[in-house]
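Engineer: Sequence:
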Amino acid sequence: MQLTNEQRVFVVTTWISTRSIKRVQAVFAQHFPGQRSPCKYTIWKSANKYQQEGTSRNLNKGSSGRKRTARSEENVENVRNLLRQTSQASVRRNGLPLTKSSFNGIVVCDSHWYPYKIHVRHQLLEIDFSRHRLFAE
Numbered sequence: 343m344q345l346t347n348e349q350r351v352f353v354v355t356t357w358i359s360t361r362s363i364k365r366v367q368a369v370f371a372q373h374f375p376g377q378r379s380p381c382k383y384t385i386w387k388s389a390n391k392y393q394q395e396g397t398s399r400n401l402n403k404g405s406s407g408r409k410r411t412a413r414s415e416e417n418v419e420n421v422r423n424l425l426r427q428t429s430q431a432s433v434r435r436n437g438l439p440l441t442k443s444s445f446n447g448i449v450v451c452d453s454h455w456y457p458y459k460i461h462v463r464h465q466l467l468e469i470d471f472s473r474h475r476l477f478a479e
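Taken in order, the sequence shown gives residues 343 to 479; the numbers are from the working numbering.
Check each hint, because a few of them may be wrong.
Computed beta-carbon distance windows for the label pairs [as the list claims (entries may be wrong)]:
hint, residue 1, residue 2, range
1, H464, R422, 34 to 40 Å
2, R422, T360, 56 to 62 Å
3, Y383, E419, 18 to 24 Å
4, G437, G376, 51 to 57 Å
5, S443, V351, 17 to 23 Å
6, E479, R435, 46 to 52 Å
7, S432, Q465, 26 to 32 Å
8, K442, L466, 47 to 53 Å
9, S472, R410, 54 to 60 Å
10, G376, P439, 46 to 52 Å
11, H373, S414, 42 to 48 Å
12, H474, E416, 52 to 58 Å
13, E416, K442, 15 to 21 Å
14, C381, E415, 56 to 62 Å
Hints are computed from structural coordinates only; laboratory data are not their basis.
Only a predicted model underlies this, so the values are computations on that prediction, with no experimental measurement involved.
Yeah, the Cβ is synthetic: ideal placement off N, Cα and C, and Gly gets one too.
Sequences are here, hints too, so could you generate the full structure?
Structural biologist: Here it is in structure tokens:
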């Protein structure tokens, strides 16, 4: 479980005042009922981080995880140019080094185009209504 900022501050301040992991866990359980008490490694790691970094916050927040490279400005511009040249660009055969999900994401999210397929329908005639009624009965 990941601790909130309030819980991290509580763990660190309690650790500094008591220097006891068991005491921190007991006081945490009283102060935050219904929450699982952090394990000894979490308490030690939070306190150690506070002493080294001067903060108990998660410094990786916002910069962790896989970097998104498909929707770069260059790729967005390449897709827009392709769509300006031909409005019938295929998602699978787009000629760009993009997967179909990346291409479609750029088309919908960045270019604000909503692709659709035109379906040709025939015109309904008076005789079609009588045939429809006969078929439904």
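Engineer: Hint by hint, note whether the structure agrees.
Structural biologist: Outcome of the hint check:
no.	hint	result
1	H464 - R422: 34 to 40 Å	holds, 36 Å
2	R422 - T360: 56 to 62 Å	holds, 60 Å
3	Y383 - E419: 18 to 24 Å	violated, 47 Å
4	G437 - G376: 51 to 57 Å	holds, 56 Å
5	S443 - V351: 17 to 23 Å	violated, 41 Å
6	E479 - R435: 46 to 52 Å	holds, 47 Å
7	S432 - Q465: 26 to 32 Å	holds, 30 Å
8	K442 - L466: 47 to 53 Å	violated, 36 Å
9	S472 - R410: 54 to 60 Å	holds, 58 Å
10	G376 - P439: 46 to 52 Å	holds, 50 Å
11	H373 - S414: 42 to 48 Å	holds, 46 Å
12	H474 - E416: 52 to 58 Å	holds, 54 Å
13	E416 - K442: 15 to 21 Å	holds, 19 Å
14	C381 - E415: 56 to 62 Å	violated, 44 Å
Consistency note: the structure conflicts with the earlier hints numbered 3, 5, 8 and 14.
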